[in-house]
Amino acid sequence: MSGAAATAARAPYRTGMAAGTVDVWHIRLPEPGAGAAGPAPLLDAGERARAARMATERDRLAFTVARTALRDILGRYLDRDPAALRFSAGRYGKPYVENAGLAFNLSHTRGAALLALAAPGPVGVDIERITGQDRTALAERWFAPAEAAAVRAAARAGDRAPFWAYWTCKESYVKALGLGLAHPLDRFEVRFAEATADAAVFEGGRHRAAWRMRRLDLPAGYAGAVTVRGPLTLLRTWSWTPGAAPATRPEGLSHHG
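Note that UniProt numbering has the sequence shown beginning at 1, numbered continuously upward.
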């Protein structure tokens with residue numbers, strides 16, 4: 001990987017990160033042989049060792065690029081040396097930076113990753129690469145009954161999108177909780193708003209009103225969602241490309257109030 005992003009003069013991006021603002025960075029993950037392999041100067045020894053243990057070149061490259069992006073972007077928001085950032089992990093493995101006052105969450109799939117940031121948070125994000133496979137059986141196994149019924153009805157009409165919308169929303173919620181799949185996906189229900197990309201969470205029949213959830217507008221072939229505790233008044237979506245020094249002000253892809 002080129003060191004251009006690592007050596008670029010850093011500028012804090014945190015201006016405007018008021019309560020209710022969530023920033024989501026779209027990170028392109030190159031395919032093996034795309035010329036992005038090489039040194040990873042921002043990663044620490046543990047991260048490099050973890051990458052080396054991965055079974056495939058694609059997995060090693062995806063991990064290296066995603067972690068480089070995480071460090072580069074966090075370093076800019078926190079105005080710290082990205083290579084010097086030290087991560088801790090919660091009980092279920094969710095990473096955080098101590099005393100940062102900034103919550104973040106990273107998700108990746110083939111070809112792309114998303115990094116969500118919120119102050120104070122917590123925040124969770126998920127991205128999935130859409131496939132044409134029928135996932136009805138998976139929905140019936142893991143989703144709440146109403147969600148599974150919606151996926152089943154859509155699949156009969158040849159529409160696979162609802163499965164991915166539910167899946168990414170549910171994943172973003174359990175990641176925001178910091179529990180991951182330790183919080184069963186059928187324990188809560190996601191309900192989509194009719195006219196917007198927003199969604200609501202219900203557990204035990206009660207609306208979890210403290211949490212805000214939104215489906216993301218991503219490139220074709222991907223589905224994603226973000227969940228944050230507290231208000232979600234402004235969602236800003238930007239891009240990060242390996243080997244390219246980010247601008248001192250992020251390039252806006254889309255802003256949603």
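Source of the hints: derived by calculation from the structure; they are not laboratory data. Treat the hints with care, since some could be wrong.
[To be verified] Below, in silico cross-link-like pairs of lysine to any residue (SDA-like), each with a Cα-Cα straight-line distance of 20 Å or less:
#1 K94 with T136
#2 K94 with H183
#3 K94 with T131
#4 K94 with A182
#5 K94 with P120
#6 K94 with R229
#7 K94 with E57
#8 K94 with A51
[As the list claims (entries may be wrong)] Label-pair restraints from in silico Cβ distances:
#9 P120 with R91: 27 to 35 Å
#10 D186 with D79: 24 to 32 Å
#11 G33 with R187: 20 to 28 Å
#12 H183 with R50: 22 to 30 Å
#13 E194 with G90: 29 to 37 Å
Quantities reported herein were computed from a predicted structural model and do not represent experimental measurements. Yeah, the Cβ is synthetic: ideal placement off N, Cα and C, and Gly gets one too.
Structure-based check of all given hints:
no.	hint	verdict
1	K94 with T136	29 Å, violated
2	K94 with H183	13 Å, holds
3	K94 with T131	27 Å, violated
4	K94 with A182	12 Å, holds
5	K94 with P120	15 Å, holds
6	K94 with R229	16 Å, holds
7	K94 with E57	25 Å, violated
8	K94 with A51	18 Å, holds
9	P120 with R91: 27 to 35 Å	19 Å, violated
10	D186 with D79: 24 to 32 Å	42 Å, violated
11	G33 with R187: 20 to 28 Å	43 Å, violated
12	H183 with R50: 22 to 30 Å	25 Å, holds
13	E194 with G90: 29 to 37 Å	35 Å, holds
In the structure shown, a violation is registered for the earlier hints numbered 1, 3, 7, 9, 10, 11, in ascending order.
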